[in-house]
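Undergrad: Given next are the chains, with one letter for each unit.
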Amino acid sequence: MKRKVVNEGAQKQTISDDSISQARAAFMASSEISDCKTIFVGIGLPCLVAHITQNYTSPNCHLVFESGLMEVICKTQPLSTASANIAKASKMHGSMLDVFSMLQRGEIDVGLLSAAQIDVNGNLNSSKLNTKSGKTISLPGSGGAHDISVLANKVVVVMPSDPRRFVNNVNFITSPNIPYGNRKGVVGVAMPDAYFSFKTGKAVLQKIYSDRTTEEIRSSLNWDMEISSTLERINPPSNRILEGADIFLQNN
Amino acid sequence: MKRKVVNEGAQKQTISDDSISQARAAFMASSEISDCKTIFVGIGLPCLVAHITQNYTSPNCHLVFESGLMEVICKTQPLSTASANIAKASKMHGSMLDVFSMLQRGEIDVGLLSAAQIDVNGNLNSSKLNTKSGKTISLPGSGGAHDISVLANKVVVVMPSDPRRFVNNVNFITSPNIPYGNRKGVVGVAMPDAYFSFKTGKAVLQKIYSDRTTEEIRSSLNWDMEISSTLERINPPSNRILEGADIFLQNN
Amino acid sequence: MVDKIMTAQQAVKKYINNSDMVFVGGFGHAIPFSIAQEIVRQKKHGLHLIKTGADIVFDMLVAGGCAQGLTCGWYGNPGMGMSNVIRQEVESGTLELTESTNFSMMLRLHAGKLGVPFIPSPILSNGDLAHTVSEIKSITCPFTNAEIQAHGSLNPDVAIVHAQRSDVNGNVQLWGSIGDTVDGCEASKKIICSVEEICQDDEISLTPHLTKLPAHKVVAVIKQPFGAYPSYLHSFYQRDEKYYADHSNNTKDALKTEEWLQSTIYNHNDFNSYLHSLPEDLLKKLEWNNS
Amino acid sequence: MVDKIMTAQQAVKKYINNSDMVFVGGFGHAIPFSIAQEIVRQKKHGLHLIKTGADIVFDMLVAGGCAQGLTCGWYGNPGMGMSNVIRQEVESGTLELTESTNFSMMLRLHAGKLGVPFIPSPILSNGDLAHTVSEIKSITCPFTNAEIQAHGSLNPDVAIVHAQRSDVNGNVQLWGSIGDTVDGCEASKKIICSVEEICQDDEISLTPHLTKLPAHKVVAVIKQPFGAYPSYLHSFYQRDEKYYADHSNNTKDALKTEEWLQSTIYNHNDFNSYLHSLPEDLLKKLEWNNS
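For the record, the sequence lines run as chains A, B, C and D. Mapping the first sequence onto this note's numbering, position 74 (from 1) lands on 74, and the numbers just tick up by one. Converting from the second sequence to this note's numbering requires adding 1000 to each position, the first position being numbered 1. Converting from the third sequence to this note's numbering requires adding 2000 to each position, the first position being numbered 1. Converting from the fourth sequence to this note's numbering requires adding 3000 to each position, the first position being numbered 1.
Mixed in with the good hints, there may be bad ones.
Below, in silico cross-link-like pairs of lysine-lysine (DSS-like), each with a Cα-Cα straight-line distance of 25 angstroms or less [to be verified]: (1) 3004(D) with 3189(D); (2) 1154(B) with 3217(D); (3) 184(A) with 2189(C); (4) 1184(B) with 3252(D); (5) 128(A) with 3252(D); (6) 3252(D) with 132(A); (7) 88(A) with 3217(D); (8) 2189(C) with 75(A); (9) 37(A) with 199(A); (10) 2285(C) with 1088(B); (11) 2252(C) with 1132(B); (12) 154(A) with 2256(C); (13) 3190(D) with 1037(B); (14) 2256(C) with 1135(B).
Please keep in mind that the hints were generated in silico from the structure rather than gathered at the bench.
Okay, chain A solo, but in the shape it has when bound (with noise of 0.2 angstroms):
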């Protein structure tokens, strides 16, 4: 995989594009939460996005994942929600049940999610896709998503840039974007070079990295992309930040 050099002092270091690739887009969705906050965070991506958050952007946050374990330090990437590393990490062993209450109390302020697609609408799919050749590929199912996407204060998405991913329509609505009672449901998805806002009920380009424009997210998708009137660029992830992510993925 290639690697480039992203510091040139003491201790030379190769990251490769992949590693920045995901750092900057959950650099992006870190952006979104602010600090204090309880996040419910789903494993890949969004568990990046709890790392860099922790470290870097809003260290007071307090992390909880599906298995049950709260108040987690996200030092290495866990492959499964009850993983050791994140088990001895933890200052509270609770069980699914406690935590999937926490989020249906409306104690959840943001849930971190990917998925395998999101439409306009922030609609995700977990659940199965259909090819070109007209077969359905199935995939693992909702897990907790579904219930993240309704019961979380708000959801942030967290996806790579893939323009399969980002279609006009899922292919199967696993986590509609029609959150409980006065929860504000999926808000945003960020992706490696940009933010989508959908605080107008459908996607609208909001935030932008400064080495990226506009025509090149609109070539990333295959969304009709609106562009909102008051988009902001912001500077990509410190190369501090993208260390420290290249670590966590390497370490698991």
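With chain A's structure known, arrange chains B, C and D on it following the hints.
TA: Relative to the frame of chain A, chains B, C and D by itself:
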């Protein structure tokens, strides 16, 4: 308090009439509990039943208290369902929800209760008493009594000998003898001299200690007393049990 | 890490409002007497108290004029009998009492914990307690078509609780008899907790299975040794049995009750002052290892 | 004291019937591989498996021909992806899969634990997963008058589970990540449990807060060190990451899957024989203290 000599051996010992009376009622109730059963134990006389059952008659029973204590060895009298003596002699500290859930799932074989009043239909009153002068005296209330009466697979009541407690109609139905589903409800009541069965729905004298007459029983109740055609005469508890009960009652 | 350590005075002043619905933790064990004393001292009033089985700490809050309502399944002095204080206040019309059963209260708090509007149960379908609590409604079960009772959720404004230890961030560790404490705290919107010891983060991380209250809703941590006296705390101290045995006499009428509040609460600026007024060696005799 | 110690062979033979509904304990942690192997070895069949998130032990039970149905919120290899085994069996019509969500499964097991017919929740009201599970029914909330979903209770015939230790009577102690294990066991009619260590009664009495499964419904206690291998057990051993990483390739088609079952199960009379076939020093390297 008057105490009588019950052991002429090396260690002379005196036991109060009250202690003997409680032990006789409790032993009578324990004769209704077979081995390896799971028992939900109320405070007061039910604890003495549990002690006698565990130590003398059915040693493999599982004792459960409302506070969430399970697998308790009931060595000394607890004043509350969460007392330190039973907490220290417990093999499992669950919650109140855990034990009431066992009850609701139908896993409690025997609920052991006492009450201020019991009527001929097995209804129990723990809420309020009407005095002859027309006043109402408030009592501490149901606690778990209503719940146990409705949800235990069968309920055995144990009462002191006091005619005011055995009435044709209780002043207030805290715990109706209307069990849930196919559970059996209040199957009987033990008192210091006898045991009444509610098999037919109405109290019938079923067991009597061999040192008592049915006329003595009748005069100790405010019930229209029926006598079973299969009345059993059983031996009162041994001195060993009376002594054990006395030690239990003195150590709380 | 957010430091939540404060005094009982600060915590009660800041986080308990008049007319709040208050869940009182502790069940025969770990009863939050020190926080309850401070609520009386600050003359909070109009509180609606919530409990399964309400023990003598409720006499303190009611006699102190703090409570307007009490919803519970039982009230009194466990193993001893009736509460004179509550009986008198109910009879004189100054306390609104709603009686149900311990399991119904437990289910209602548990529904609050789960974040659901109710839990169905067959209890309170029959008898003189049925149909007296307005938050319990008959429904038809969609699976069995039988009538069943929907026990409506309770989400108290605040829970007060005592426990063995916590870190400064509110990772509270509690063990021993649990009763309704954890469900009641989880159902409540915020938690005020007193503890015997403040410990380091890394000590908590070594025993995460003992952490029972979620830090994100613990708003105040009060360091108060013997904070559950005269009740007991598993591994720390035994119950003062004489205190409980004398309680009925100490509260047998309004005059005696006022003397009791005077000597235990009003004569003292805080709980430590009260502890110092106890007979010498009493607390030493109550140490857990002496049991 | 009733002695419940027996072998996995005896426990599976005596307590698991064909066509039983089976809850499988362990969630990313403490997965009962040794009991699952024995179920495959004894060719139990027609089982209906129940789980929130179903990991690779389900591939073993499904590939072994034991399962007729699977009801779950997720299935696959955590962090790795799809289960080839389950996908193939579903496509060929030999496995009936009912998909919902992890929380819905949790609520249904919890309703089973509580002994109530259902728990209401707003989840599964919308989207393509809504209205696909027949045991989830729309009702009107008697308090809010809003539509809400009644998630019907599950009470499996038997739970299989692995834990750290137990006494001979079935007071099972479990710690570390809990997931759905305790609720699933409480909901089940009986529990078969394997443990690393059998300990004395008095050891259990010293740590009653660690006892998680109620002895009265534990019917069999199996002493099986490394009984959760290749998953991990808190305080005892780490996960065999290579096993999980290789799993997708080991089950990529029917032939490979059959080889996998052969080498891990059919070639061995029991789990200890399988453990002995593992590379020398592997288990030693996985010891908890080496992590």
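Undergrad: Give a verdict on every hint.
TA: Structure-based check of each hint:
| no. | hint | result |
| --- | --- | --- |
| 1 | 3004(D) with 3189(D) | holds (16 angstroms) |
| 2 | 1154(B) with 3217(D) | holds (18 angstroms) |
| 3 | 184(A) with 2189(C) | holds (20 angstroms) |
| 4 | 1184(B) with 3252(D) | violated (55 angstroms) |
| 5 | 128(A) with 3252(D) | holds (19 angstroms) |
| 6 | 3252(D) with 132(A) | holds (23 angstroms) |
| 7 | 88(A) with 3217(D) | violated (30 angstroms) |
| 8 | 2189(C) with 75(A) | violated (30 angstroms) |
| 9 | 37(A) with 199(A) | holds (20 angstroms) |
| 10 | 2285(C) with 1088(B) | holds (18 angstroms) |
| 11 | 2252(C) with 1132(B) | holds (23 angstroms) |
| 12 | 154(A) with 2256(C) | violated (55 angstroms) |
| 13 | 3190(D) with 1037(B) | holds (15 angstroms) |
| 14 | 2256(C) with 1135(B) | holds (24 angstroms) |
Figure legend: structure checked against the earlier numbered hints; hints not met, in rising order: 4, 7, 8, 12.
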